[in-house]
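Q: Each chain, written out:
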Amino acid sequence: MMTMRRTNKRSLVQTCICLTVLLAIGLWLSLFTGVAAIPLQTVLKQWSLAEPSKELLIFQTIRLPRAVLGALIGANLAVAGALMQAITRNPLASPQVFGVNAGASLVVVLAILFLPSIGSANLIYFAFAGAILGGFTVLGFASSRGMTNLKIALVGMAVHLLLTSITKGLIIYNEHISDVMFWLSGSISGATWADVRMILPWSVLGLALAAGLAGSLSVFRLGEEVAMGLGQKIVVVRLLACAAIVILGGASVAVAGAVGFIGLMIPHIARKLVGTDYRAVIFVSAWGGAVLVTYSDVVARLISFPFESPVGIVTALLGTPFFLYLARKKGRELV
Amino acid sequence: MSKKSRFRQWGHLAWSLALACAVVLTGCGSSETKNQAASQDSAQAAQKRTIKHELGETEITGEPKRVVALEFSFVDALWELGVTPVGIAHEKETDVEGLLGQKIEYTSVGTRQQPNLEVISTLKPDLIIGDLNRHKDIYKELQKIAPTIILKSRNSTYQENLSSFTTIGEALNKQKEAEQRLVKHKAVIDELKKNIPAGDSRTVMLGVFRADSLSAHGAKSFDGELLEMVGIKNAIQDAAEPTVKISLEQMVQWDPDVIFLVEADDTLLSEWKQNPLWNNITAVKNKEVYQVNRDLWTRYRGLKSAEKIVTEASEILYSKKK
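Residue numbers (the working numbering), protein chains in the order written: chain A, -1 to 333; chain B, 21 to 342.
If you are wondering where the hints come from, they were derived from the structure by calculation, not from laboratory data. Mixed in with the good hints, there may be bad ones.
[Claimed, not checked] Below, computed lysine to aspartate or glutamate pairings styled on DMTMM-like, alpha-carbon distance capped at 25 Å:
id, chain 1, residue 1, chain 2, residue 2
1, A, Lys166, B, Asp258
2, A, Lys52, B, Glu113
3, B, Lys307, A, Glu53
4, A, Lys166, B, Glu111
5, A, Lys166, B, Glu113
6, A, Lys166, B, Glu308
7, A, Lys52, B, Glu111
8, A, Lys166, B, Glu138
9, A, Lys52, B, Glu291
10, B, Lys293, A, Glu223
11, A, Lys166, B, Asp115
12, B, Lys305, A, Glu49
[Said to hold, decoys possible] Taking beta-carbon pairs under 10 Å as the criterion, some of the chain B residues facing chain A (in silico):
id, residue
13, Gln67
14, Ile71
15, Val139
[Stated by the list, open to error] To be clear about the criterion: a stretch of chain A counts as covered by chain B if any three or more of its residues have a C-beta under 8 Å from a C-beta of chain B, and this derived list gives those stretches:
id, stretch
16, 23 to 37
17, 185 to 191
18, 279 to 287
19, 304 to 312
Quantities reported herein were computed from a predicted structural model and do not represent experimental measurements. Idealized CB from N, CA, C, for every residue including glycine.
Taking the hints into account, I'd like the entire structure generated from these sequences.
A: Okay, structure coming up:
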């Protein structure tokens, strides 16, 4: 037990140093990649000028919020996924199963349809409300007469399908709102400081909640009976974890649409790196998610430069080989 | 991913239901027309023509009279060639009147994105014209209702739209009329071109503002290519696609001198206007941002719309100048 904890600790420290370096490089690339060439000297020289140049304005009002937002939603989605996988003990669980994406999509489409005069800033709150609605619908149905993992998964899928089919139906019969599909497919190319300000408090709340639950979740993974035997309040932990998932997933979907794969793979990778202690897994997941989305967003700008591709495509492209590499490495270690 | 495939499954179910209806309906109708068809067999055999289109070849007999058009540019082409389509796919009530400039009798066959196969089959058409971009996946189903040709319209260039016009002429057995109309079209455009002085170095951005994105029409889009042809330079030259989504950073960097703007939704536009970068764009600085009609500039396409677009553009760019 002692030795195991020590190796975990050492690999946790190593992993964190690695991820921090990677994130720093990623943010640097993110800030200095784009159609406009912005030399570092320009940024440094003009930072405090009263009348900033075009380059500095691009840096301050477009590149910076975009980099921050990418890292933030990466952390959110990865931690939401880690929580999800912990409480369902299902490695394939992701915020999607919680009806978060589908709920957000539906409420946004409804808002555009019936309240056409609302601005985009408000639209984001509708998305957030929808994410919560989707999440709590799943929770509500799954918790009646005892919540089990299987029930969460089944109810989640059913609710997801129902909400998605309503959204698709609305879009078919109202072609002018199909524009919104671009947002739904996941992109942070239009990130603003307003977006960052909007999700920051929710991110902090969700991440803090996740960190607080981490200890209990480690026990949770051993199974319900064991957890109960060790004195865990299963229902409370599960409810709080669900609330954190809805907050983290909902806030991310609200500003960036559905950026896939992060919540599914990053926690998986985190567990392979630092073991099954959820205090470490959640911490590493947050870093890892931030790294992955940051790099993906840089690549999204380069694939068809000078035009942009959706970041969601890149997360899948980048993530798959990474996952295969880890799976192989693990395999070799076992031999 | 999974969302898409699930949706496709529902789509399949819907189509198979629609198809079942279509089969029943055509079954009812065919017995009546059989005798008639037999008597005219020899005459029509001579007129049997094979029309090459985007998804293969379709045999068309005689001169189709009952035509269903699933894109606005096809409606325009049919109208120009003297055929009033019996069925039209459209979204707004005003679409067809706006396109043709007058009211006509037709049956609505659903939206362009999701035409109603059941309604189409009840019209007993003898020709269906679909769009490659939107109707590729239902080509087989349409073909079972009536001879169908699939042509380029949406997300296609001006030249591709012209060749679609030529193919429609062939399909209607009105090659000569189509050729004459194209000659006339070219003359109209050439005449309009005279209003546009050569050597204007201003670049023009055609942008559709939506709730969350700016969709810019580059030099390969229908309107972009058309305007390039008459000497109006497009701000986006090297896009692989006819339309591209662009960010404020790209907008500022490519810095158009004139913006022809379609405001489908003011959400993003008002957000951009708050950014000091917006006022850095030359077109904004020089107050050369002009609202244009979304239907005409981005939805209708076709010959008449092309002529109107060039007229409007030259009016905006040159007659309003001091």
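Q: Does each hint fit the structure? Answer for all of them.
A: Hints, verified against the model:
no. : hint                 : verdict
1   : Lys166/A to Asp258/B : violated (34 Å)
2   : Lys52/A to Glu113/B  : violated (45 Å)
3   : Lys307/B to Glu53/A  : holds (22 Å)
4   : Lys166/A to Glu111/B : holds (17 Å)
5   : Lys166/A to Glu113/B : holds (22 Å)
6   : Lys166/A to Glu308/B : violated (39 Å)
7   : Lys52/A to Glu111/B  : violated (41 Å)
8   : Lys166/A to Glu138/B : holds (20 Å)
9   : Lys52/A to Glu291/B  : holds (18 Å)
10  : Lys293/B to Glu223/A : violated (58 Å)
11  : Lys166/A to Asp115/B : holds (23 Å)
12  : Lys305/B to Glu49/A  : holds (16 Å)
13  : Gln67                : violated (37 Å)
14  : Ile71                : violated (29 Å)
15  : Val139               : violated (15 Å)
16  : 23 to 37             : holds (count 3)
17  : 185 to 191           : holds (count 3)
18  : 279 to 287           : violated (count 0)
19  : 304 to 312           : holds (count 3)
Hint violations for this structure: numbers 1, 2, 6, 7, 10, 13, 14, 15 and 18, all remaining hints satisfied.
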